[in-house]
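Visitor: The sequence shown runs contiguously to residue 481 in the numbering used here.
PhoX-like mimics (lysine-lysine), calculated; alpha carbons at most 20 Å apart, straight line:
1) Lys342 / Lys379
2) Lys379 / Lys389
3) Lys453 / Lys406
4) Lys349 / Lys415
No wet-lab data here; the hints were simulated from the structure.
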Amino acid sequence: MHPFTQFPSRLIKKKWNENKKIRYVAFCNGMWLVISEESRNIVKQTVVVKSQLPTDELRKIWRQGKKVSLIAYGSGKWVIISEPDKKSPKQSFYASTSNGFPRSKIKDFYSQKLRIHSMVHADKEDTWALIVEPRSDSKALQRVQYLSLIHI
330 MHPFTQFPSR LIKKKWNENK KIRYVAFCNG MWLVISEESR NIVKQTVVVK SQLPTDELRK
390 IWRQGKKVSL IAYGSGKWVI ISEPDKKSPK QSFYASTSNG FPRSKIKDFY SQKLRIHSMV
450 HADKEDTWAL IVEPRSDSKA LQRVQYLSLI HI
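With the hints as extra help, turn the sequences into a complete structure.
Guide: This is the structure:
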């Protein structure tokens, strides 16, 4: 068994001990991918791994004054990495099940001056999960295009 077919909790903790910040987590081709970067400031990130959509954990993170750094899904596991937030961006969560790509909801978010902070598709559950937050007018409007994957 390849070492990254299971969620890499040890690797993430090792990176934190090396004063690195986890920037990206994804599951693709049967393996977990973790991208970290050097951090000038010590950032106390935390990770939550659940087999069900972690809505209660998201509320708890926000009540604690933290922000969601990323949300990911793979191998039947939902992953949230959070960190303290000085600016308190008022993030919120949206999940769409069995309705395909949430194009109209994303357009609604844009009209409400919200931006997508993190987005993931849980293929086994056919669920799209989005973390959104207010965008400032100085930020460029995000453009999301739905790309169909063609298998040859």
